[in-house]
Amino acid sequence: MMSWLPEGVSTFAPQIDRLFYGIYYLTGAVFFAVQITLLVFVFRYRHRPDRRAEYTHGNTTLEIVWTVVPAIILVVLAFVSRSTWANIKERIPPSDFEMGVTAKQFNWEAHYAGPDGKVGTDDDVVMDNDVYVPVNKTIRVVLRSKDVIHSFFVPSMRFKQDAVPGHEIPIWFKVTKPGKYEIPCAELCGFGHSGMRGWLHVLPQEEFEAWAKEHKIGSTAPAAAHG
Amino acid sequence: MSEAISHADVRHLAATHHEQSFVRRYIFSLDHKTIGKQFLTTGLSMLVIGGILALLVRWELAWPETAVPGFGWVPEPIMFGGIIPPDTYNAFFTMHATIMIFFAVMPILVGCFGNFLIPLMIGARDMAFPLLNMLSFWVALVANIIMLASFFVTGGAAAAGWTSYPPLSDIPAYSGVYWGQNLWCISLIVLGISSLMGSVNYITTIINMRAPGMTWFRLPLTIWALFITAILLLLALPVLTAGLGMLLFDRVAGTHFFLPSGGGEPLLWQHVFWFFGHPEVYILILPAMGIASDILAVFSRKPIFGYRAMAFSMMAIAGLSWIVWGHHMFQSGMSPVLGTSFMMSTMVIAVPSAIKTFNWLGTLWRGNIKFTTPMLFALGFVSMFVIGGLSGIYMASTPVDIYIHDTYYIVAHIHYVVFGGSMFGAFAAIYYWFPKMFGRMMNERLGKVHFWLTLIGFNVTFFPMHILGIGGHMRRIYNPTQYDFLLPLQPVNVLITRGALLLGFAQLFLVVNFFWSLFAGPRASRNPWEANTLEWEAPSPPPHGNFPGPLPTVYRGPYEYSSPLVAEDYLPQARRLEGRVAAAPAH
Chain A
1 MMSWLPEGVS TFAPQIDRLF YGIYYLTGAV FFAVQITLLV FVFRYRHRPD RRAEYTHGNT
61 TLEIVWTVVP AIILVVLAFV SRSTWANIKE RIPPSDFEMG VTAKQFNWEA HYAGPDGKVG
121 TDDDVVMDND VYVPVNKTIR VVLRSKDVIH SFFVPSMRFK QDAVPGHEIP IWFKVTKPGK
181 YEIPCAELCG FGHSGMRGWL HVLPQEEFEA WAKEHKIGST APAAAHG
Chain B
1001 MSEAISHADV RHLAATHHEQ SFVRRYIFSL DHKTIGKQFL TTGLSMLVIG GILALLVRWE
1061 LAWPETAVPG FGWVPEPIMF GGIIPPDTYN AFFTMHATIM IFFAVMPILV GCFGNFLIPL
1121 MIGARDMAFP LLNMLSFWVA LVANIIMLAS FFVTGGAAAA GWTSYPPLSD IPAYSGVYWG
1181 QNLWCISLIV LGISSLMGSV NYITTIINMR APGMTWFRLP LTIWALFITA ILLLLALPVL
1241 TAGLGMLLFD RVAGTHFFLP SGGGEPLLWQ HVFWFFGHPE VYILILPAMG IASDILAVFS
1301 RKPIFGYRAM AFSMMAIAGL SWIVWGHHMF QSGMSPVLGT SFMMSTMVIA VPSAIKTFNW
1361 LGTLWRGNIK FTTPMLFALG FVSMFVIGGL SGIYMASTPV DIYIHDTYYI VAHIHYVVFG
1421 GSMFGAFAAI YYWFPKMFGR MMNERLGKVH FWLTLIGFNV TFFPMHILGI GGHMRRIYNP
1481 TQYDFLLPLQ PVNVLITRGA LLLGFAQLFL VVNFFWSLFA GPRASRNPWE ANTLEWEAPS
1541 PPPHGNFPGP LPTVYRGPYE YSSPLVAEDY LPQARRLEGR VAAAPAH
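In order, the protein sequence lines correspond to chains A and B. To convert, note that position 81 of the first sequence is 81 in the working numbering; the numbers rise steadily by one, no gaps. Take the position in the second sequence, starting the count at 1, then add 1000; the result is the number in the working numbering.
If you are wondering where the hints come from, they were derived from the structure by calculation, not from laboratory data. Predicted model only: the values in this text are computed from it and were never measured. Be a bit skeptical, because a hint or two may be false.
[Stated by the list, open to error] Simulated restraints, written as ranges between beta carbons of each label pair:
(1) 21(A) <-> 1520(B): 52 to 58 Å
(2) 1253(B) <-> 59(A): 29 to 35 Å
(3) 179(A) <-> 1081(B): 37 to 43 Å
[Stated by the list, open to error] Calculated from the model, a selection of chain B residues having no Cβ within reach of chain A, i.e. all distances over 10 Å:
(4) 1154
(5) 1186
(6) 1193
(7) 1260
(8) 1343
(9) 1350
(10) 1398
(11) 1446
(12) 1483
(13) 1498
(14) 1512
(15) 1549
Yeah, the Cβ is synthetic: ideal placement off N, Cα and C, and Gly gets one too.
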């Protein structure tokens, strides 16, 4: 079943996929154990007129075991998940490149620094639905929305974050493979929700620099973008 | 027992003595059994409408932008010669979920079975407040009518999802929906009043009107479940009402509760909505858990395994359900630190569900299992609920949720819980209590065909949705073929729709069986399943006042099956054993 997972192309992908697979095997084992037990019981203890069911109200030891064991497993799972979550959403590492993405019905606007070298000013270079970033660089993006809630989703990156009007949500990612990846909107945003998609173009550093020059992107360096 | 009860008893006894007019008896009835049947009628009717909407949604996803056979008559701009446009599609899935949750599953499980079973199973003659009970139904019917009317207003019905996140739901220009969304808010506010009246009634009745000897730990688990559900309803619905009020004011009175342009906060709605919404999920599943527990014990001819653990785990679920709402908001822009704490509470709430599952298996162990239709649905409930419970662990883990949030993985999960869980429980309940409700048996052969087709159709429909979710398929999209990365998944969408058509077809067996049995089924005896609980002491169907003669006295817990004290394999709660009365265990 997990073979349906798209190829992972960001630094997040191996971390999330590891957990995903872990939970898959864990729940898979419980699934088979419970369903097979159910089938065996249903078959073995099917009605016979000459038999009488065992008169028992329970077994305290057994009940304590099947309370404590799942509790421990689930709490451990929460702790294991915790660090991956913090790496992706809580701690934003120093960035190599900064830009903005603004969602609107029904496009993704990519904002790059204009001649002033700063993102989020009037001279930003803006393009609809095409987001260009260099490969293997830490990209910091400020996510905004102009109207309703959208959700920036890049399946191949295993990344998703809602864009909320009135909020400026900082996100980051590092893509490890050049290519062209779809950016669907994952939150219902109106009649044009379906089909709201952009493309994430991941270019090798030299190609990206050439592209930036061609489009008069003010700066590709983090220092200037901090401004 | 208190004095209030004897007054109520007198009143109900008096009521049995005079003939009632048709209108008082069947329409504006104060009798909890009639009100229960009224909720069943509206609930099942809305189930049909919700189901048709689901099939329309599925058609669009399998064969996008093609005409739906048989729907060419629907006028523009709702459909165009049978083709569903995107705004109508959004309205269809929004109304599908709204109708199923608020107007089908809740009325059937809580409205119908809550009403019908509580007085009968605790040994009372009626609810504590019969008039309030009647009003609760009629107010709910008004909410029903308002919700259905919203299909016919300009701009169509609400189309911002059943979760109606603002600003999309807040500013008409964003969604193109005008009065539809307002009516959606108003209908649910009205429905909230109905549930408030119902829940106050349930709680009061269970606390005050239990028959002599019916201690708390002699209550059947169905009653425990309904009691806890009523408390959740009482506390959760007003929160939704507050949110709906703010949304409505934003739309019609120019306030900005959820609009950043006026200093409002869109995430406030999500907090309010899910603070209601998560207890709501348990409002939908707890009654089914109680019902399945009772039916499993009856047809295993065995006491429920770990009765107290079953009752306490439901309380634990209810308590924890108030502190897990943030798991719906991991990717919403809420502080990621808060996400971690909600992950912890969410992991913990899985434990009581695990306890229940193991106890159900324990109940089957060394039983003497009879495969009646209600038992098949109860077994199906356990099996499907396990899948829904396990798939929940994926989204509880915050990093995995980053990927699967807002995908079909969530859709698969919710349907395993609400259909595989709640609806399978509701089907089990219909087959099990039909003889008591209508005095006739349902047809077992048709019932079994219904079960197997439903089980197969259900799994062909919803299991592959996990695959869609793993493939990254978003929820609520109109046309999956617009996305390159979803093209390989399109055959799965087609398979799912075929499964859904089978699932829809399977329900015809229930409809036929229901109506055929209603008029021509064999007469039901007083206790056809040889069960222990008090409703089986009353005639089938019970008369007004439920128990002819004095109220039953309860001598033991509800699960004394295959007890060594008696030769037969059941020992009713109200049966007095000479010399052994005091020694009977309380559970």
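Quick rundown of the hints versus the structure:
1. 21(A) <-> 1520(B): 52 to 58 Å: 55 Å, holds
2. 1253(B) <-> 59(A): 29 to 35 Å: 60 Å, violated
3. 179(A) <-> 1081(B): 37 to 43 Å: At roughly 41 Å between Cβ atoms, residue 1081(B) and residue 179(A) fall inside 37 to 43 Å, so the hint holds.
4. 1154: 15 Å, holds
5. 1186: Check passes; 22 Å lies beyond 10 Å.
6. 1193: About 28 Å separates residue 1193(B) from the closest Cβ of chain A, which puts it past 10 Å; holds.
7. 1260: 3 Å, violated
8. 1343: Given a closest Cβ separation of 5 Å, the condition is violated.
9. 1350: 6 Å, violated
10. 1398: Violated, since 4 Å does not exceed 10 Å.
11. 1446: 21 Å, holds
12. 1483: 6 Å, violated
13. 1498: 19 Å, holds
14. 1512: Check passes; 27 Å lies beyond 10 Å.
15. 1549: Holds: least Cβ distance 31 Å, greater than 10 Å.
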